[in-house]
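Here are the chains, one letter per residue:
There are 2 protein chains.
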Amino acid sequence: MNMKLVGMCLVTLTLGYSMLGCADAYHNESTPAGRLVPSRLLPVPSDVSRELQDSIRQAASAPDSLGSIPATPDEWRAAIAMYEKPEQVREHVEAIKEKFPVHVTAGTMAGIKVYVVNPMAGAERSGRRAFVYVHGGAYISGAGEAGLDEAILIAYHTGMKVISVDYRMPPDSPFPAAVDDSVAVWKEVIRECKPANVGLGGTSAGGGLALAVVLRLKELKLPLPGAIYAGTPWADLTNSGDSTAVNDHVDSALSGGNEWLLAAGRWYAGGHDMRDPLISPVFGDFSKFPPTILLTGTRDFLLSDTVRVHRKLRLAGVEANLHVFEAMSHADYATLPDSPESREAYREIALFLDKHLGR
Amino acid sequence: MNMKLVGMCLVTLTLGYSMLGCADAYHNESTPAGRLVPSRLLPVPSDVSRELQDSIRQAASAPDSLGSIPATPDEWRAAIAMYEKPEQVREHVEAIKEKFPVHVTAGTMAGIKVYVVNPMAGAERSGRRAFVYVHGGAYISGAGEAGLDEAILIAYHTGMKVISVDYRMPPDSPFPAAVDDSVAVWKEVIRECKPANVGLGGTSAGGGLALAVVLRLKELKLPLPGAIYAGTPWADLTNSGDSTAVNDHVDSALSGGNEWLLAAGRWYAGGHDMRDPLISPVFGDFSKFPPTILLTGTRDFLLSDTVRVHRKLRLAGVEANLHVFEAMSHADYATLPDSPESREAYREIALFLDKHLGR
Numbered sequence: 203m204n205m206k207l208v209g210m211c212l213v214t215l216t217l218g219y220s221m222l223g224c225a226d227a228y229h230n231e232s233t234p235a236g237r238l239v240p241s242r243l244l245p246v247p248s249d250v251s252r253e254l255q256d257s258i259r260q261a262a263s264a265p266d267s268l269g270s271i272p273a274t275p276d277e278w279r280a281a282i283a284m285y286e287k288p289e290q291v292r293e294h295v296e297a298i299k300e301k302f303p304v305h306v307t308a309g310t311m312a313g314i315k316v317y318v319v320n321p322m323a324g325a326e327r328s329g330r331r332a333f334v335y336v337h338g339g340a341y342i343s344g345a346g347e348a349g350l351d352e353a354i355l356i357a358y359h360t361g362m363k364v365i366s367v368d369y370r371m372p373p374d375s376p377f378p379a380a381v382d383d384s385v386a387v388w389k390e391v392i393r394e395c396k397p398a399n400v401g402l403g404g405t406s407a408g409g410g411l412a413l414a415v416v417l418r419l420k421e422l423k424l425p426l427p428g429a430i431y432a433g434t435p436w437a438d439l440t441n442s443g444d445s446t447a448v449n450d451h452v453d454s455a456l457s458g459g460n461e462w463l464l465a466a467g468r469w470y471a472g473g474h475d476m477r478d479p480l481i482s483p484v485f486g487d488f489s490k491f492p493p494t495i496l497l498t499g500t501r502d503f504l505l506s507d508t509v510r511v512h513r514k515l516r517l518a519g520v521e522a523n524l525h526v527f528e529a530m531s532h533a534d535y536a537t538l539p540d541s542p543e544s545r546e547a548y549r550e551i552a553l554f555l556d557k558h559l560g561r
Numbered sequence: 203m204n205m206k207l208v209g210m211c212l213v214t215l216t217l218g219y220s221m222l223g224c225a226d227a228y229h230n231e232s233t234p235a236g237r238l239v240p241s242r243l244l245p246v247p248s249d250v251s252r253e254l255q256d257s258i259r260q261a262a263s264a265p266d267s268l269g270s271i272p273a274t275p276d277e278w279r280a281a282i283a284m285y286e287k288p289e290q291v292r293e294h295v296e297a298i299k300e301k302f303p304v305h306v307t308a309g310t311m312a313g314i315k316v317y318v319v320n321p322m323a324g325a326e327r328s329g330r331r332a333f334v335y336v337h338g339g340a341y342i343s344g345a346g347e348a349g350l351d352e353a354i355l356i357a358y359h360t361g362m363k364v365i366s367v368d369y370r371m372p373p374d375s376p377f378p379a380a381v382d383d384s385v386a387v388w389k390e391v392i393r394e395c396k397p398a399n400v401g402l403g404g405t406s407a408g409g410g411l412a413l414a415v416v417l418r419l420k421e422l423k424l425p426l427p428g429a430i431y432a433g434t435p436w437a438d439l440t441n442s443g444d445s446t447a448v449n450d451h452v453d454s455a456l457s458g459g460n461e462w463l464l465a466a467g468r469w470y471a472g473g474h475d476m477r478d479p480l481i482s483p484v485f486g487d488f489s490k491f492p493p494t495i496l497l498t499g500t501r502d503f504l505l506s507d508t509v510r511v512h513r514k515l516r517l518a519g520v521e522a523n524l525h526v527f528e529a530m531s532h533a534d535y536a537t538l539p540d541s542p543e544s545r546e547a548y549r550e551i552a553l554f555l556d557k558h559l560g561r
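Same order as they appear, the protein sequences are chains Y and H.
Start counting the first sequence at 203; every next residue gets the next number (my numbering).
Start counting the second sequence at 203; every next residue gets the next number (my numbering).
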């Protein structure tokens with residue numbers, strides 16, 4: 203059985219090379235266009251938690267695609283509505299709150315919708331600190347309570363008050379709405395808290411947005427946060443990172459999602475240059491950034507975005523800590539909150555914020 | 203052309219699934235044995251140096267294998283001799299020394315062959331410090347001058363005296379000879395230098411050996427180094443890390459090398475349990491380890507060994523810094539010493555050692 207698979211791969215490899223040989227405009231013998239990787243069966247890894255193994259096993263039998271790409275604003279709205287049914291979102295948030303108890307209050311700051319997530323009485327560890335959270339969801343999903351789950355995890359694991367920004371999104375409000383809304387909330391938060399006592403961060407699009415907000419605060423000469431958390435940041439909306447090729451069809455969460463994400467990114471950019479650092483912060487200037495903690499996994503579709511940001515921070519002389527989890531796919535630490543890896547990840551974030559935020 | 207490739211991949215995927223469905227002993231519908239990844243063409247990444255791009259392009263047209271696996275001691279000797287022709291090794295070392303000038307002296311310490319690599323006069327930055335270097339080469343190659351190149355790079359980039367241990371190896375001297383020889387040299391070095399002023403490390407098998415030596419020093423209750431450098435450590439000779447599957451045929455240096463490395467590991471283990479922490483230190487106890495810096499790349503066959511060691515160090519409360527370079531294969535930072543990534547990597551090592559070693 204295995205030998206058949208191996209045999210098939212070799213045929214695929216040979217066919218691939220000979221096919222490439224015909225496409226002279228694209229490739230010639232001396233300069234290969236890239237590396238041809240044969241088809242493989244990736245075993246469920248042994249040295250990770252049961253929870254992560256189960257997730258990998260389940261994803262392996264799921265369809266290898268995020269679905270067809272919406273083409274119009276209404277199709278985008280329909281696709282999001284399908285992913286985020288209000289009843290299911292509410293149940294999901296209640297389930298998370300049951301395991302990770304916090305108080306959640308909906309409100310507005312500077313006219314922007316926010317959720318304030320407070321640790322339970324007694325669990326609060328640092329009353330003069332706060333964390334501004336920007337949710338993920340490829341800049342097209344995660345509105346309202348659908349963007350709350352990681353805010354809850356951060357409040358629970360760090361003992362800090364978290365202000366989750368329910369920023370405006372496409373198709374109605376493309377870039378720079380998300381950046382502007384986050385900056386507006388930031389300005390309100392630092393009227394009550396010393397900026398050095400406040401962290402800022404998020405995961406995926408939220409990780410990228412957090413980095414973009416710091417770039418924008420630098421432009422505006424506004425005070426910067428005391429520390430940044432960039433969880434597997436979508437820092438390059440052109441998806442030019444190498445892991446978008448290497449980990450395509452490897453990542454459990456974003457497998458086969460390259461075109462889908464690119465389309466979402468184009469909706470977000472709304473005609474602006476995708477390489478604008480406020481859209482794709484990996485192309486920005488990281489000098490004078492606050493200390494930054496970055497998380498990713500070896501199977502993460504955005505592993506490369508994460509490590510490229512880490513390297514650019516280090517080249518700019520910034521204190522930046524990178525944590526890469528074995529066999530984790532995109533944002534597994536947030537979506538598998540019961541796993542030991544998730545607790546370990548948020549413990550690193552809590553330690554990092556505690557070390558770098560003012561008191 | 204591209205569409206044909208994509209089409210072929212879809213066929214491969216479908217075929218793969220249906221073939222798996224027939225092999226009930228290995229797989230059933232509810233519990234997939236793993237994730238089937240279709241064949242892909244990995245483009246040369248855009249956001250890395252010209253040197254790294256060239257290396258990736260060259261490797262893509264090289265045979266995708268380390269060659270046939272030697273079966274007898276004489277076949278191992280012949281394979282090593284083929285890789286390491288004395289004339290070529292000498293030329294290689296001279297070329298490295300020309301670009302990264304240092305003084306090299308061959309000698310013995312505690313009866314073990316060593317090379318002492320000193321920075322040039324004026325380039326020495328820390329006379330009371332030293333670095334004990336253990337070379338890589340899968341525990342079967344890198345003897346004599348063939349193990350010198352990274353020792354030269356470390357002496358040059360850190361300004362420290364480097365003692366490179368020419369430890370005994372299989373087929374003549376399997377485990378624990380390499381550990382014993384390194385411990386013997388360590389004991390000699392700390393007769394002249396404070397242990398807290400001395401670093402220890404290496405790349406690949408050398409990275410794994412450095413970790414094993416610390417585990418052994420703990421067993422012997424001997425003083426530990428002030429800091430450790432584990433460059434893409436071969437810390438699991440059973441190759442159970444997930445990247446040995448994900449990055450197989452992706453890594454430029456070790457592509458298709460899994461069986462070859464496992465065979466080399468068995469020669470090294472010489473009948474001992476491959477999961478013995480002194481052979482595969484990822485299975486060891488990392489409590490009380492010195493501060494450790496780890497390097498790897500997103501295409502590294504041993505990415506998982508590196509990040510697993512990092513996580514276990516962190517879980518043991520050890521200060522451990524991880525650096526992952528975009529699209530780097532196994533040990534590219536050492537084998538592409540002219541690349542900006544290499545200089546960046548050794549700069550991180552120099553900063554880390556300078557911060558953590560005593561003065």
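Worth double-checking, as some hints may not be accurate.
Given that identical chains are not distinguished, each listed pair holds provided it fits within a single copy or across any two copies.
List of simulated lysine to aspartate or glutamate pairs, EDC-like, C-alpha gap at most 20 Å [as the list claims (entries may be wrong)]:
hint, residue 1, residue 2
1, LYS557, GLU421
2, LYS490, GLU550
3, LYS396, GLU253
4, LYS287, ASP540
5, LYS396, GLU326
6, LYS287, GLU347
7, LYS423, ASP450
8, LYS396, ASP276
9, LYS396, GLU550
10, LYS299, ASP540
11, LYS490, GLU300
12, LYS287, GLU277
No lab work stands behind these hints, which were simulated from the structure alone.
A quick look at each hint next to the structure:
Taking CA atoms no more than 20 Å apart as the test, LYS557 paired with GLU421 passes in neither setting, with 27 Å inside one copy and 33 Å between copies. For a Cα distance limit of 20 Å, the shortest separation of LYS490 from GLU550 across copies, 19 Å, qualifies, whereas the shortest one inside one copy, 22 Å, does not. In the homo-oligomer, the alpha carbons of LYS396 and GLU253 never lie at most 20 Å apart, since the shortest distance is 39 Å inside one protomer and 45 Å across protomers. Taking identical chains as interchangeable, the C-alpha atoms of LYS287 and ASP540 are never at most 20 Å apart, the minima being 23 Å within one chain and 54 Å between chains.
In this assembly of identical chains, LYS396 and GLU326 lie within 20 Å of each other by CA distance solely inside one copy; the values are 18 Å within and 44 Å between copies. Taking CA atoms no more than 20 Å apart as the test, LYS287 paired with GLU347 passes inside one copy only; the shortest distance there is 11 Å, against 65 Å between copies. For the homomeric pair LYS423 and ASP450, neither the shortest alpha-carbon distance inside one copy (39 Å) nor that between copies (47 Å) is at most 20 Å. In this homomeric assembly, LYS396 and ASP276 never come within 20 Å of each other (Cα to Cα): the closest approach is 42 Å inside a single copy and 70 Å across copies.
For a Cα distance limit of 20 Å, the shortest separation of LYS396 from GLU550 qualifies neither inside one copy, at 23 Å, nor across copies, at 32 Å. Taking the shortest alpha-carbon separations for LYS299 and ASP540, only the intra-copy value of 12 Å comes in at or below 20 Å, while the best inter-copy value is 53 Å. Proximity of LYS490 to GLU300 under the C-alpha cut-off of 20 Å is found in neither arrangement, the shortest distances being 40 Å within a copy and 37 Å between copies. Taking CA atoms no more than 20 Å apart as the test, LYS287 paired with GLU277 passes inside one copy only; the shortest distance there is 15 Å, against 64 Å between copies.
In terms of the numbered hints stated before, the structure departs from hints 1, 3, 4, 7, 8, 9 and 11, listed from lowest to highest.
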